[in-house]
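Asks: With chain X's structure known, arrange chain Y on it following the hints.
Residue numbers (numbering that gives the first Met the number 0), protein chains in the order written: chain X, 0 to 155; chain Y, 0 to 155.
One should not assume that every hint holds.
Here chain Y is said to cover these stretches of chain X; the calculated rule only asks that three of the stretch's residues, wherever they fall, bring their Cβ under 8 Å from a Cβ of chain Y [claimed, not checked]: (1) 34-47; (2) 51-57; (3) 94-107; (4) 128-138.
If you want the footprint, here are the derived chain Y segments under chain X, 3+ residues with CB under 8 Å [unchecked claim]: (5) 23-30; (6) 101-109.
To be clear, the hints were calculated from the coordinates, so they are not data collected in a lab. Glycine included, every Cβ here is placed at the ideal spot set by N, Cα and C.
Protein chains: 2
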Amino acid sequence: MQPFLKSALCAAALHASTAGAAPQEITPAGSQPATTGSAEYFTGQVQVEPVWPANGEINASGGRVTFSPGARSAWHTHPRGQRLLVTAGVGLTQEWGRPVQEIRAGDVVWCPPGVKHWHGASAHSAMTHLAVTGTTAQGQNVQWLEKVTDAQYQGK
Amino acid sequence: MQPFLKSALCAAALHASTAGAAPQEITPAGSQPATTGSAEYFTGQVQVEPVWPANGEINASGGRVTFSPGARSAWHTHPRGQRLLVTAGVGLTQEWGRPVQEIRAGDVVWCPPGVKHWHGASAHSAMTHLAVTGTTAQGQNVQWLEKVTDAQYQGK
Numbered sequence: 000m001q002p003f004l005k006s007a008l009c010a011a012a013l014h015a016s017t018a019g020a021a022p023q024e025i026t027p028a029g030s031q032p033a034t035t036g037s038a039e040y041f042t043g044q045v046q047v048e049p050v051w052p053a054n055g056e057i058n059a060s061g062g063r064v065t066f067s068p069g070a071r072s073a074w075h076t077h078p079r080g081q082r083l084l085v086t087a088g089v090g091l092t093q094e095w096g097r098p099v100q101e102i103r104a105g106d107v108v109w110c111p112p113g114v115k116h117w118h119g120a121s122a123h124s125a126m127t128h129l130a131v132t133g134t135t136a137q138g139q140n141v142q143w144l145e146k147v148t149d150a151q152y153q154g155k
Numbered sequence: 000m001q002p003f004l005k006s007a008l009c010a011a012a013l014h015a016s017t018a019g020a021a022p023q024e025i026t027p028a029g030s031q032p033a034t035t036g037s038a039e040y041f042t043g044q045v046q047v048e049p050v051w052p053a054n055g056e057i058n059a060s061g062g063r064v065t066f067s068p069g070a071r072s073a074w075h076t077h078p079r080g081q082r083l084l085v086t087a088g089v090g091l092t093q094e095w096g097r098p099v100q101e102i103r104a105g106d107v108v109w110c111p112p113g114v115k116h117w118h119g120a121s122a123h124s125a126m127t128h129l130a131v132t133g134t135t136a137q138g139q140n141v142q143w144l145e146k147v148t149d150a151q152y153q154g155k
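Here chain X stands alone, though its shape is the one from the complex (with noise of 0.2 Å):
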């Protein structure tokens, strides 16, 4: 092939894949497989599905996450933040210090860098939320603390 042409080639390529960006990805509903939600930072049963990693571009990653009855996250705070949105059943969430909120399919939620907060389904509802957790340059989105007892649970 002569040299002009290879150039030719190479150049229109090139402009094929929109000037050498990566592509469009897709990722299939169901490839990325749920995990049980650890007993450390979580009271009954919790499903945990990976949505999105955080990258360079988004600094969230995005996780899907559902609650059986009665069941919540420890304690915790975020260092960016943290956008909650229910998509599925009914809620309670509380911050450190006030009264614990029912939360319901298409609420939105948002909890500051550093509030002290925890999530969960109602005592007789599932919850499924979307979490879009804020992470850092180093790659943190989380502290965990303590357990949420029982009694807090029931706001008392």
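Replies: Okay, now just chain Y, sitting in the frame of chain X:
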């Protein structure tokens, strides 16, 4: 009040509000009105609901977009990329120079920065996705380009 006692009370008040951090906020379902997607940037009937804004901690907004059958975005790029989580129905997406691909509930799409793409419903099914869109420090998150023709939509 004696100065030392005043100081002790101030410290206690700061402690109760998680060291003075902003409180957790709950945005109730249905409180953020949907708007109709502009005919300048969309073809067909499209409803756009804000879910959360980008902020100084998490550099991506969340928005729920519902496309009626046959509806789609115009071609566009994102300066910091975009995650799409399909939450209902069957849709289509295409990267410039590549084939149209089908996307279904539970699929997740990563569109890297600068990649020219479109997304929308399939011809006979509506599609809803959560769009998590990276936002620059200057507040930019999309560059709109030309509309998707019927022939492009049909993969011809």
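Asks: Compare the structure with each hint and give your call.
Replies: How the hints compare with the structure:
no., hint, verdict
1, 34-47, "violated (count 0)"
2, 51-57, "holds (count 4)"
3, 94-107, "holds (count 11)"
4, 128-138, "holds (count 3)"
5, 23-30, "holds (count 7)"
6, 101-109, "holds (count 8)"
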